[in-house]
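Input sequences plus hints: build the corresponding full structure.
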Amino acid sequence: GAVVSQHPSWVICKSGTSVKIECRSLDFQATTMFWYRQFPKQSLMLMATSNEGSKATYEQGVEKDKFLINHASLTLSTLTVTSAHPEDSSFYICSARLAGGRYTEAFFGQGTRLTVV
Amino acid sequence: AQSVSQHNHHVILSEAASLELGCNYSYGGTVNLFWYVQYPGQHLQLLLKYFSGDPLVKGIKGFEAEFIKSKFSFNLRKPSVQWSDTAEYFCAVNAATSGSRLTFGEGTQLTVNP
Chain A
1 GAVVSQHPSW
11 VICKSGTSVK
21 IECRSLDFQA
31 TTMFWYRQFP
41 KQSLMLMATS
51 NEGSKATYEQ
61 GVEKDKFLIN
71 HASLTLSTLT
81 VTSAHPEDSS
91 FYICSARLAG
101 GRYTEAFFGQ
111 GTRLTVV
Chain B
118 AQSVSQHNHH
128 VILSEAASLE
138 LGCNYSYGGT
148 VNLFWYVQYP
158 GQHLQLLLKY
168 FSGDPLVKGI
178 KGFEAEFIKS
188 KFSFNLRKPS
198 VQWSDTAEYF
208 CAVNAATSGS
218 RLTFGEGTQL
228 TVNP
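Heads up: the sequence lines are chains A and B, in that order. First residue of the first sequence? That's 1 in this note's numbering, and the numbers climb one at a time after it. First residue of the second sequence? That's 118 in this note's numbering, and the numbers climb one at a time after it.
Among the hints, a few may not be true.
Partner residues are not named here, just some residues of chain A that face chain B (Cβ under 7 Å, in silico) [as the list claims (entries may be wrong)]:
#: 1; residue: Pro40
#: 2; residue: Ser43
#: 3; residue: Gln110
#: 4; residue: Arg113
Just a sample of chain B residues kept apart from chain A, beta carbon distances all over 10 Å, derived [stated by the list, open to error]:
#: 5; residue: Leu130
#: 6; residue: Lys166
#: 7; residue: Phe189
#: 8; residue: Val229
Sample of chain A residues with no beta-carbon within 12 Å of chain B, all distances over it, derived [what the hints assert, rightly or not]:
#: 9; residue: Val11
#: 10; residue: Thr82
#: 11; residue: Pro86
I should point out that these hints are in silico values taken from the structure, not numbers from a laboratory. We put the CB at the ideal spot given by N, CA and C, even for glycine.
So, in structure tokens, the structure goes:
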């Protein structure tokens with residue numbers, strides 16, 4: 001299957017700083033990428049849908065000024081957690097969907113563990 | 118909006134036992150259905166998917182799932198589990214009107230004892 005790579009796999013940052021997470025589709029072009037957040041023992045919660053070349057669509061309750069998403073190319077989307085606080089500590093997962101008209105399978109990155117201290 | 122419910126949060130089985138994990142969704146229209154598996158320390162992997170056609174779909178590693186439209190269910194089954202099947206399993210739904218969005222169930226942790 002297609003490969004989606006996230007970087008970094010884990011990061012520890014100080015409260016008040018910003019952290020950027022990259023999501024790359026390595027062997028395919030992805031017009032749409034998704035960012036999820038997963039709390040321990042819970043399911044994946046969709047944060048936003050990112051379309052190449054346009055603004056991201058955020059789910060209700062997700063602060064777009066706090067979670068900045070950029071999808072500048074067909075193979076790269078970034079999530080920046082701005083002014084991070086301990087409550088932002090979580091597991092962030094991206095997925096990328098193959099370019100195509102009808103629904104196509106989404107492939108997932110390995111996730112990024114963010115710890116804010 | 119659609120929602121997905123997985124009945125069992127933690128299932129413990131012995132090797133060679135049969136497995137059935139429940140998944141129900143709430144949405145009246147056309148759906149695409151998925152089961153994903155997350156092995157410890159690894160990313161989500163697709164086990165199987167249903168778009169249309171035969172409601173009994175077979176996936177990787179001996180897993181299968183049956184779509185029962187009248188029951189809004191998509192249960193995952195495996196006749197004989199192995200220790201290596203220990204993982205978290207997620208059911209997910211894509212509603213035709215929601216574009217590319219996937220809605221995930223709460224997940225079921227499967228522990229298979231040798």
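Run through the hints listed earlier and report the numbers of any the structure violates, in increasing order. Of the numbered hints, 1, 4 and 6 do not hold.
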